[in-house]
Amino acid sequence: DTGVSQDPRHKITKRGQNVTFRCDPISEHNRLYWYRQTLGQGPEFLTYFQNEAQLEKSRLLSDRFSAERPKGSFSTLEIQRTEQGDSAMYLCASSSLGDLDKGQPQHFGDGTRLSIL
Amino acid sequence: AQSVAQPEDQVNVAEGNPLTVKCTYSVSGNPYLFWYVQYPNRGLQFLLKYITGDNLVKGSYGFEAEFNKSQTSFHLKKPSALVSDSALYFCAVRAMDTGRRALTFGSGTRLQVQP
Chain E
9 DTGVSQDPRH KITKRGQNVT FRCDPISEHN RLYWYRQTLG QGPEFLTYFQ
59 NEAQLEKSRL LSDRFSAERP KGSFSTLEIQ RTEQGDSAMY LCASSSLGDL
109 DKGQPQHFGD GTRLSIL
Chain C
1126 AQSVAQPEDQ VNVAEGNPLT VKCTYSVSGN PYLFWYVQYP NRGLQFLLKY
1176 ITGDNLVKGS YGFEAEFNKS QTSFHLKKPS ALVSDSALYF CAVRAMDTGR
1226 RALTFGSGTR LQVQP
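Heads up: the sequence lines are chains E and C, in that order.
First residue of the first sequence: 9, per our numbering; consecutive thereafter.
First residue of the second sequence: 1126, per our numbering; consecutive thereafter.
Everything labelled a hint here was simulated from the structure, so no lab data went into it.
Note that the coordinates shown come from a computational prediction; the quantities given were computed from them, not determined experimentally.
Where is the CB? At the ideal position from N, CA and C, for every residue including glycine.
Just to be clear, a hint being listed does not mean it is correct.
Dumping the calculated BS3-like pairs for lysine-lysine here, alpha-carbon to alpha-carbon at most 25 Å [what the hints assert, rightly or not]:
no.: 1; chain 1: E; residue 1: 110; chain 2: C; residue 2: 1174
no.: 2; chain 1: E; residue 1: 65; chain 2: E; residue 2: 79
no.: 3; chain 1: E; residue 1: 65; chain 2: C; residue 2: 1183
no.: 4; chain 1: C; residue 1: 1194; chain 2: C; residue 2: 1174
no.: 5; chain 1: E; residue 1: 22; chain 2: E; residue 2: 79
no.: 6; chain 1: E; residue 1: 65; chain 2: E; residue 2: 19
no.: 7; chain 1: E; residue 1: 110; chain 2: C; residue 2: 1194
no.: 8; chain 1: E; residue 1: 110; chain 2: C; residue 2: 1202
no.: 9; chain 1: C; residue 1: 1183; chain 2: C; residue 2: 1194
no.: 10; chain 1: C; residue 1: 1202; chain 2: C; residue 2: 1147
no.: 11; chain 1: C; residue 1: 1183; chain 2: C; residue 2: 1147
no.: 12; chain 1: C; residue 1: 1147; chain 2: C; residue 2: 1174
Here are a few chain E residues that sit away from chain C, every Cβ distance over 10 Å (derived from the structure) [unchecked claim]:
no.: 13; residue: 20
no.: 14; residue: 21
no.: 15; residue: 32
no.: 16; residue: 64
no.: 17; residue: 71
no.: 18; residue: 103
no.: 19; residue: 114
no.: 20; residue: 121
no.: 21; residue: 125
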């Protein structure tokens, strides 16, 4: 179990630029989640994939945000035309395979910290 | 809608003393409840969960939590605090049987354990 891996760990960019983050989940996990965490707050849900299907999207996920999981393995989160308010930690999590909902915990990566200049 | 309240921004406790970090929740139907811990510049580490059954659940690193349905609470406890327990703790909830997987987190409680 190598854990959830996120790349890059830090990203600094100028306002208006596009950025893309990558998440590699725990290998046998078929569910993958993206959250955003701003300073002093708990994580806020953005979106959720089961295999390659995007099943839930938060209203926080504006048109400038897009997430993909093309082969049901790694996922990317892209932010277009970044704004100051996008500065945050972007966390990826995964949870285990299982058709039944048994409250499987989500396991988090160490996040990508985005800073907008 | 589901929500979590962590009423204390910070909890201070002396090493060796018992600790409690409070959490109350609101959800439609029955809840799944979780506690996570976060160290600086790291992601969240899973500590324990409540699904159903015994109201007292045991988790990692000697932590436990007590589910109280009537008070809609899920307080985190540890009998004897360690300095290394100092971190940010988050309570999270999601509703059972809805098909939705999104967790709703509280705003976090910073635990400071003094030597």
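Hint check results:
no.: 1; hint: E:110 to C:1174; in the structure: holds, 11 Å
no.: 2; hint: E:65 to E:79; in the structure: holds, 19 Å
no.: 3; hint: E:65 to C:1183; in the structure: violated, 32 Å
no.: 4; hint: C:1194 to C:1174; in the structure: holds, 15 Å
no.: 5; hint: E:22 to E:79; in the structure: violated, 31 Å
no.: 6; hint: E:65 to E:19; in the structure: holds, 24 Å
no.: 7; hint: E:110 to C:1194; in the structure: holds, 19 Å
no.: 8; hint: E:110 to C:1202; in the structure: holds, 24 Å
no.: 9; hint: C:1183 to C:1194; in the structure: holds, 17 Å
no.: 10; hint: C:1202 to C:1147; in the structure: holds, 9 Å
no.: 11; hint: C:1183 to C:1147; in the structure: holds, 16 Å
no.: 12; hint: C:1147 to C:1174; in the structure: holds, 15 Å
no.: 13; hint: 20; in the structure: holds, 15 Å
no.: 14; hint: 21; in the structure: holds, 19 Å
no.: 15; hint: 32; in the structure: holds, 13 Å
no.: 16; hint: 64; in the structure: violated, 6 Å
no.: 17; hint: 71; in the structure: holds, 20 Å
no.: 18; hint: 103; in the structure: violated, 8 Å
no.: 19; hint: 114; in the structure: violated, 6 Å
no.: 20; hint: 121; in the structure: violated, 8 Å
no.: 21; hint: 125; in the structure: holds, 20 Å
Going through the hint list in order, the structure does not satisfy hints 3, 5, 16, 18, 19 and 20.
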